[in-house]
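Q: Read off the chains here:
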Amino acid sequence: MSATEPLGAGAAADGGAAERMDPITFAVLFSALHSVVEEMSLTFEHSAWSSILAQCRDFSCAVYDAGSPPNAMCVFDGLPVHVHSQPMCLAAMTEFFEGDIGEGDVILANSPYFGTTHIGDLVAVAPVFWEGELVFWAAATGHQMDVGSAYNTSVPVQASDIWKEGFQISPVKLEEGGRLRKDVLELYLGNVRHRDFLYGDLMSQIASVKTGRDRMLELLERWGPDQLKEFGAEVIEYADRRTAAQIAEMPDGTYRSETWVDSDAVGGTNVKVQCALTIDGSDVHIDFAGSGPASRSGVNASWSTCVSSAATPVFTFLDPDIPHNQGCIRHITVDAEPGTITRAQWPASTASATIVPGDAIGDAVWRCLAQALPDRAVAGCGRIAPNAMTAGFDRRVPGVEIPFGVILFNCSSGGGATPEFDGWPLMYDQNALGGMKILPIEVLELHYPLIVRRHEIREDSMGAGRTRGGPGLHFETEVRGTGQVDVYGFGDGIMNPPFGAYGGLPGDGGALYRNEPDGSRTFFSAISYFRVKEGQSWVSASSGGGGYGDPLERAPELVRADVRDGYTSRDAAERLYGVVLDAEGGAVDAAATAARRAEPAGRRSIAVIDPESADAGTYQSTLMGSRDTYVLNPHPPADADFTL
Amino acid sequence: MGIRLGIDIGGTFTDFIALDGSGAVGVHKTPSTPRAPEEAVFTGLGELAEAAGVSLRDYLAQVELVIHGMTIATNTIIERSGPKTAVIHTEGFRDILEFRDGYKPDRYNLHMAPREPFVPRHLRLGVGERILHTGAVDAPLDEDSVRGALRTLRDEGVEAVAVCLLWSMVNDVHERRVIELIAEELPDVYATFSAEILPTIREYPRASATVLSAYVGPRLATYLDRLADHLAEHGYERDLLIMQVTGGIAAIDEIKRRPVFAIGSGPAAGPSGGASVGVRNGERDLLVIDMGGTSFEVSVVTDADITLTREMEVGGVPLGVAGVDVQSVGAGGGSVAWIDSGGMLRVGPRSAGADPGPACYGRGGEEPTVTDANLVLGYLNPDFFLGGRMELDRGLAEQALRRIAEPLNLTVTEAAAAVFRIVNTNMMGAVRAVTVMRGIDPRSYAMVTGGGAGGIHAAAIAEELGITKLIAPRVAGGLCAYGMVVADVRHSHVTTEPMRGGHFDAGAVAGIFSDMESSATRQLEAEGFDGGRIDLVRSADCKYPYQTNDITITLPDGIATADIGTEITELFHQEHERRYSYAARQMPVDVIAWRLTGIGRLPAATQPAAATNGAQAEGARAMRDVFFVGAGDSVATPVLDGEALHPGEQLDGPAIVEFPTTTVLVPPGHRMAVAAGGDLLIEKA
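Chains as they are written, first to last, in my numbering: chain A, 1 to 644; chain B, 1001 to 1685.
Simulated from the structure, these hints should not be mistaken for lab results. Possibly wrong hints are sitting among the right ones.
To be verified - Looking from chain A toward chain B, a few residues come up when the C-beta cut is under 10 Å (computed):
{"no.": "1", "residue": "32"}
{"no.": "2", "residue": "239"}
{"no.": "3", "residue": "595"}
{"no.": "4", "residue": "623"}
For every residue, glycine included, the Cβ atom is placed at its ideal position computed from N, Cα and C.
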């Protein structure tokens, strides 16, 4: 192989992927590890029980070396927010059990103060030993449907501290030397709701890490530990080289942005997330100094969520197939002041960290990158919509009561437009980037005492632009066969919608409301708690994504097609895009359109980022009538009985 | 027994396999005629008759069965050349096709066009109605809203309509009524409904199967009628049978009723062909591979039974129906080798295709491909490619490989060996996906190699996976057409009637199965099968309570229906444990749907008697320097003419056996024997 060359723009043309290992073995092992992690993911997805794992894929798998801290041998196809955080948790586990890690162990943790993202994400790891030596780790992170909180939700955002938040799992061995610890299993199941299906979910997560362990043992048998360890070192260098070369091509400078979290669960609104992103040679540094204070609720970032949410947007400006291992991550450093919303301190709760404020953290970074790289800018993606966690009892079979809990990701937000394309629907949020699945309506109705009344694209929900945002959705659910359900909204962005870029407009923000028997509506802040009674329905309306470029430059034929398809109203076509359709709406009136587009009054000033101030959501205020009411951050009453 | 004729229309050639009463297999190819695919069939039939020295009428009089596979339905989807198609949904749910499963691939690539829904939004309309999961009508069908929607579709000039309402698989009353209204309002429009096409839970795959049926149905029906008429006019008196995506065959009427089953019909025959090859050589657990110019396909046959999956897609559109589980990766002879921005050598998925093709074709291709590497390594004969019909240029291959060799500091041969290894790794990934990832240990399986390039790469892939037995069939070049003449008739029936664990209603289950069994039997009898040739296989889609995915469990014959709950529960625990390493034995088991497969077995094709002379295969037509991994730079290797081999002969590797449409590599340390039917059996010594 050729000698090592300096890192930099020329790295792509240097002497091959690997500096010491022969390039063919490197490529073969790269694929082999890829299949190991893919198999772990398939095992998890196919065998898990609850819809959040089996259908929505709210999980991530990876394989690490036994370094300190552990380096990812292969991360693949997981959720972005888990990429940075999983090795931080693994590092905390290895430190905790130092000198006491044995063959056949399976270790669990969910505590954010041991490196997890938030309490809902349980991390499971299995060490891989070869001839008595610890050489690798197989790890899987998965969202659990209950966390043993005072509140019957897996995202207990109302919790003011970790004790209210739920059953804190510091690193603990569920299996030791290949033996299942029944005491630990029962301690866990006894402290969470829905023990039957959480048992199934736990077993599938354990099956996933054991699959990873077994496959790594097969690779060790085939290739030997030295070659695999060498690969581990090489793949870090490989990612490092590619990342460094690409960041080096970005324009140096410091770019600043601010954005706002709608509410902090305890009545505070528009909490600021401030960001300064510096591109310096082949490194990116992100600093959240100046952000608002930590909240007395679960609306706080754990440290691992903060670094994950901050790094993810940068990954999207690199070649998507660069492995996001430590060689890549080391070029993206993050700073945040302890005690702010971007970095909570013990014993603060971080129950909703991965979404609120995780989404706003990512949003702030995308705003900076849009300024740095206009031609590759991506307009704002919707933050996690009012994807309500819903819990109650299934009483559809007379005489039978089965507790259930489900997160309805079906109403998720649209993605931002890019210079080339309109945005996607169902991008979920900044931290999932489309990597989850929705629950089929029929599967939902079979499993839960809920009936879906409408699941459709919402007209004019997205930001207009030369390319427009992906649409937001209308999702209306009726309670049938349970008596009542508890609904926990844990979203963001109704008041602070996805930004438009370079003349593109913001999404409309969406709304969350309950239909009342008298025909009025009660609107709730994105973070809230409310009950819905038998026969009543509630609506989660997600925001469409932000638009890119001046809407007056969108081809009139595309606007016409959007009107015909019900993405854009005739009124918006005329008002925002300057496109006039003939009386039947079937064709573009070319002369009227040209005239309309030439009117100086129709021209807006072209903002790089729109909006630049808080409270810019429009949907809720447009929708609310005189009989409707709005409630900010309602909590479960102190005497709430969740067994009703 | 007369001739059994398999006709497979491919992109380039239309293949004919004629299996006669003595078991002799004739292979014939004629260029495909994509604009009017039946033309190539007519031409080829004429050529077959001429070769036999008889008139077409006399030839067809000898034909006992015509079994046909084609890409017409597949191409209609890929080219989007079907009729203007609309969908009618339950009001409030018109975006089912647009939302899909809600998954965006490639997390970190935000610069991707959003998926275009198969039917644009203005042609997806909602009508007032609602049925619940119990089958209860929550809101009656609003016929005015249906007529209003149909008027809109008439104004739009729609030519086909799919109806997919929520929960129609438990109560199809609204869907059937909408179909009646379509017949009244739009009498010339082709219409189909989801309870007929795929009566299973999950609205997106069901809607997709229904829409695809509406989309391919009209053109398919026209084509099939034209072909059947032509055959009938020329003296063929039996039904024309069609290869289905399920790997079984069906009569034309069944295909016209559920056209989605004709999508992907050609490739689905490969595993049946491989299974037949395996069984006649004493192997029932098989990995059937097929490597052509642009892709590599692999499927699993366990105990001589093909494997089905519910995750079938064509051009990114899910079929919804279960089909033969054929895993495909972009790894073929034309796959291009390149170096990524991090300096890693990659092969594929992009292919140089047929034009310009690999550099060695001399048609202007400059990028190195797998075929170029195989030529440089000595695996391919520059003078005997396609039986000598095309000459390969080794100089051009070397020149192309230098483009990757130089930046990687490798010699041209080393670079070629690297391409060979990497493409093998990519193919291994596909093999692993259908074996290890589904809980199947490939080491106890034999590999059947199909396609032009399969025989070159098979031994290396097998070695990495610990597979020791390979079968290179005589029909490797036309494995799919061969699969058609040996496949069984197969119909799938399903009834969605969920039952909660521990509360199985044995009487209801018996009723569900007996209804499906009598309709399956009637259907097969109408197709000419008597009781002795009909198999009925029961299965059930099972899961734990709260578990949202399910697994299809095959129920053994002769379960007393009274015990079915206990049996299903135990079988599900076992299967769950086999696949996912654990079972929750303390939990009951739910059933979502009940399935029945009706199989009509064709008489087994006769095989010529074995000749076992144990003689050493001789008659190497040349010696060639060939590169083998781990065996030094190059090894002088005998090259044999495959057509000159005799059953019973054997030899030790290294050797290369050349057929006009395929090449088989016997690496050092392997022994090859010629089987009775002319297949090559290769075993690791």
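Q: Determine for every hint whether it applies to the structure shown.
A: Hints, one by one, checked against the model:
1. 32: 7 Å, holds
2. 239: 8 Å, holds
3. 595: Constraint on residue 595 of chain A not satisfied, violated at 27 Å.
4. 623: This interface hint is violated because 18 Å lies over the 10 Å limit.
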